[in-house]
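Asker: Now for the letters of each chain:
There are 2 protein chains.
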Amino acid sequence: MTDINLIAEYKSFDGKLGFYSHVSNLCKCEMRFSVYQPPQATQKPLPVLYFLSGLTCREDVFMIKAGAQYWAAKYGIIIVAPDTSPRLTGTPGENDEWDIGTGAGFYVDATAEPWKSHYQMYSYIVQELPTVINSNFPTQPDQQSIFGHSMGGHGALICAMRNPDIYKSVSAFAPIVTPMNCAWGKKAFSLYLGNNQETWRDYDACELVQKVGYHSSILIDQGTADEFLNHQLLPEEFINACAKVNQPLNFRYQPGYDHSYYFIATFVADHIRHHAIAFGLE
Amino acid sequence: MTDINLIAEYKSFDGKLGFYSHVSNLCKCEMRFSVYQPPQATQKPLPVLYFLSGLTCREDVFMIKAGAQYWAAKYGIIIVAPDTSPRLTGTPGENDEWDIGTGAGFYVDATAEPWKSHYQMYSYIVQELPTVINSNFPTQPDQQSIFGHSMGGHGALICAMRNPDIYKSVSAFAPIVTPMNCAWGKKAFSLYLGNNQETWRDYDACELVQKVGYHSSILIDQGTADEFLNHQLLPEEFINACAKVNQPLNFRYQPGYDHSYYFIATFVADHIRHHAIAFGLE
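Chains as they are written, first to last, in this note's numbering: chain A, 1 to 282; chain B, 1 to 282.
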């Protein structure tokens with residue numbers, strides 16, 4: 001099913017920002033996402049850039065706070081921001097803690113009870129959502145890229161590395177790069193995937209980059225005043241992993257920046273430009 | 001008293017976004033405001049642009065949603081966004097309705113009971129707040145301008161026209177231009193100012209422009225899909241009033257735009273440029 005329902009629509013930078021819901025076959029619930037169509041979308045199919053948000057976010061936060069529409073309109077790129085998890089699924093405990101369940105899907109396909117019935121965010125992001133987007137919006141299906149923030153930076157990295165043919169480029173703001181080795185990731189993976197840590201490796205960017213790498217340079221910005229830097233994000237692990245396998249990486253420590261959307265807004269132009277170059281738009 | 005308390009601070013576009021509180025002598029309560037200092041502020045005093053927000057907003061909304069920091073950093077302008085009213089004053093009824101009291105100060109000096117003890121937003125904006133700002137931030141006190149949205153567009157217009165020597169330029173997004181003749185304004189003015197409508201005229205942009213005019217062209221953007229256009233905003237009244245007295249006015253109907261911050265974000269660059277020109281920065 002690719003029927004979508006328009007929830008709200010706003011004109012923005014001469015384009016159209018829409019908020020939508022649809023029934024997900026994979027997550028077996030209503031899912032929401034937002035789409036910014038720049039003005040060029042009325043003339044021709046355009047590349048699509050997916051943004052994955054961090055813990056507690058919804059499909060609207062990036063569109064409200066990041067200031068990305070100006071740059072999407074400049075380059076002629078459609079931006080899609082999905083929600084961060086299924087919601088209202090009736091899964092026991094889904095609303096009990098902020099870092100598991102609702103708002104915290106971690107972009108994995110859950111294999112453990114009680115999560116596996118609905119929490120299929122990995123396949124939702126790489127398979128179902130693009131099908132929905134490509135059948136409802138003027139996209140170039142062979143021109144897709146992905147980026148994200150924090151938990152969503154993790155999501156972008158694993159989606160891109162596991163699907164290099166689907167995603168032309170990847171970038172991240174303050175990503176969780178090794179969920180196997182930080183508290184957020186260990187908690188989420190043990191609950192979603194069970195205790196066999198072998199199954200965790202396919203969702204860990206530091207593992208993946210050494211196993212499969214990526215076909216083009218990865219752009220990462222990381223604020224040095226980020227309150228999660230040293231115990232959750234662990235960027236040096238990814239820098240070292242990339243170095244081991246000669247993975248091209250443009251890792252930028254940004255002095256004084258924190259984990260907020262003010263940080264994202266400051267560097268979103270550079271990220272969209274990174275993807276615009278991959279799309280051949282600059 | 002010009003002591004201010006820092007509530008939170010974020011690096012943004014190589015500058016500094018701060019949220020502050022202080023005790024207002026005029027409003028006799030704690031008031032909050034936000035200040036964006038672009039990177040140039042570490043080198044020299046800069047012009048200051050005040051943004052007045054609309055009904056229900058706080059001091060943070062413009063900084064979160066408008067995407068203004070990019071342009072403020074580009075031109076080298078400090079932006080100050082005050083709260084829209086006193087809060088927690090104990091005034092009877094202050095939290096009972098969304099369009100009066102808290103979040104709805106309407107930028108007037110109240111003269112009627114029970115509001116007059118605290119609701120002195122006009123003098124707060126034009127006198128007390130600039131004193132606080134100029135004594136705590138690296139400003140050029142002779143380089144100030146003002147803009148705003150909706151109720152705050154009304155506020156910007158009346159502050160500028162009544163104080164042409166203080167404000168080099170004025171602009172507005174979807175302003176209330178004749179509060180004497182719309183439901184929001186009639187309700188607020190009758191409660192804050194009493195029923196003698198003669199006292200309302202000094203807070204009505206359509207009246208003021210005919211009485212005193214303004215020394216330079218006024219920039220106004222107004223979305224044609226604005227849900228408040230025809231019964232609250234009444235822009236044609238201001239266009240006609242300006243025409244009567246040959247007041248220079250750059251009034252732009254923006255097709256398809258609504259009343260939201262997506263509209264503001266789309267045109268904020270033009271507004272900041274308008275003020276940058278008045279400051280001699282472009």
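Treat the hints as calculated values from the structure; they're not laboratory data. Here the structure is a predicted model, which is why all the values come from computation and not from measurement. One or more hints might be untrue.
[Said to hold, decoys possible] DMTMM-like cross-link-like pairs, simulated, lysine to aspartate or glutamate; straight-line CA separation at most 25 Å:
1) Lys-65/B <-> Glu-227/A
2) Lys-187/A <-> Asp-142/A
3) Lys-44/B <-> Asp-14/B
4) Lys-16/A <-> Glu-128/A
5) Lys-244/B <-> Glu-282/B
6) Lys-28/B <-> Asp-14/B
7) Lys-186/A <-> Glu-207/A
8) Lys-16/B <-> Asp-270/A
9) Lys-44/B <-> Asp-96/B
10) Lys-74/B <-> Asp-14/A
11) Lys-211/B <-> Glu-227/B
12) Lys-74/A <-> Glu-236/B
13) Lys-116/B <-> Glu-30/B
14) Lys-16/B <-> Glu-227/A
15) Lys-187/B <-> Glu-236/B
16) Lys-65/B <-> Glu-9/A
17) Lys-65/A <-> Asp-270/B
18) Lys-65/A <-> Glu-198/B
19) Lys-65/A <-> Asp-60/B
20) Lys-44/B <-> Asp-3/B
21) Lys-65/A <-> Glu-236/B
22) Lys-16/A <-> Asp-14/B
23) Lys-65/B <-> Asp-60/A
24) Lys-65/A <-> Asp-202/A
25) Lys-187/A <-> Glu-113/A
26) Lys-211/A <-> Asp-109/A
27) Lys-65/B <-> Asp-270/A
28) Lys-16/A <-> Glu-30/B
29) Lys-65/B <-> Asp-14/A
30) Lys-74/A <-> Asp-270/B
31) Lys-186/A <-> Asp-142/A
32) Lys-74/A <-> Glu-282/B
33) Lys-65/A <-> Glu-9/B
34) Lys-28/B <-> Glu-128/B
35) Lys-28/A <-> Asp-99/A
36) Lys-116/B <-> Glu-198/B
37) Lys-74/B <-> Asp-270/A
38) Lys-74/B <-> Glu-282/A
Asker: Mind checking the alpha carbons of Lys-187/A and Glu-113/A for me, to see if they're no more than 25 Å apart?
Answerer: holds (14 Å)
Asker: Please work out if Lys-65/B and Asp-270/A have their alpha carbons no farther apart than 25 Å.
Answerer: holds (19 Å)
Asker: When you check the alpha-carbon spacing of Lys-74/B and Glu-282/A, does it fall within 25 Å?
Answerer: Measuring from Cα to Cα gives roughly 22 Å; hence the hint holds.
Asker: Below or equal to 25 Å on CA atoms is what counts here, so check Lys-65/A against Glu-198/B.
Answerer: violated (43 Å)
Asker: Hey, Lys-74/A versus Glu-236/B, does the alpha-carbon distance stay inside 25 Å?
Answerer: Roughly 33 Å between the alpha carbons, so the hint for Lys-74/A and Glu-236/B is violated.
Asker: Check the hint pairing Lys-186/A with Asp-142/A against an upper bound of 25 Å on the C-alpha distance.
Answerer: violated (34 Å)
Asker: If you draw a straight line from the CA of Lys-186/A to the CA of Glu-207/A, is it 25 Å or shorter?
Answerer: holds (15 Å)
Asker: With the threshold set at 25 Å, check whether the alpha-carbon distance from Lys-44/B to Asp-96/B stays at or below it.
Answerer: Distance of about 45 Å is beyond 25 Å: violated.
Asker: Do the alpha carbons of Lys-187/A and Asp-142/A lie within 25 Å of each other, as the hint requires?
Answerer: violated (35 Å)
Asker: Is the hinted pair Lys-116/B and Glu-198/B satisfied, with a Cα-Cα distance of at most 25 Å?
Answerer: Since the Cα atoms of Lys-116/B and Glu-198/B sit roughly 18 Å apart, the hinted pair holds (cutoff 25 Å).
Asker: Between Lys-211/B and Glu-227/B, does the CA-CA distance stay at or below 25 Å?
Answerer: Distance of about 30 Å is beyond 25 Å: violated.
Asker: Is the Cα-Cα distance between Lys-16/B and Glu-227/A 25 Å or less?
Answerer: holds (17 Å)
This entry does not satisfy hints 2, 5, 6, 9, 11, 12, 18, 21, 22, 24, 28, 31, going by the numbered hints stated previously.
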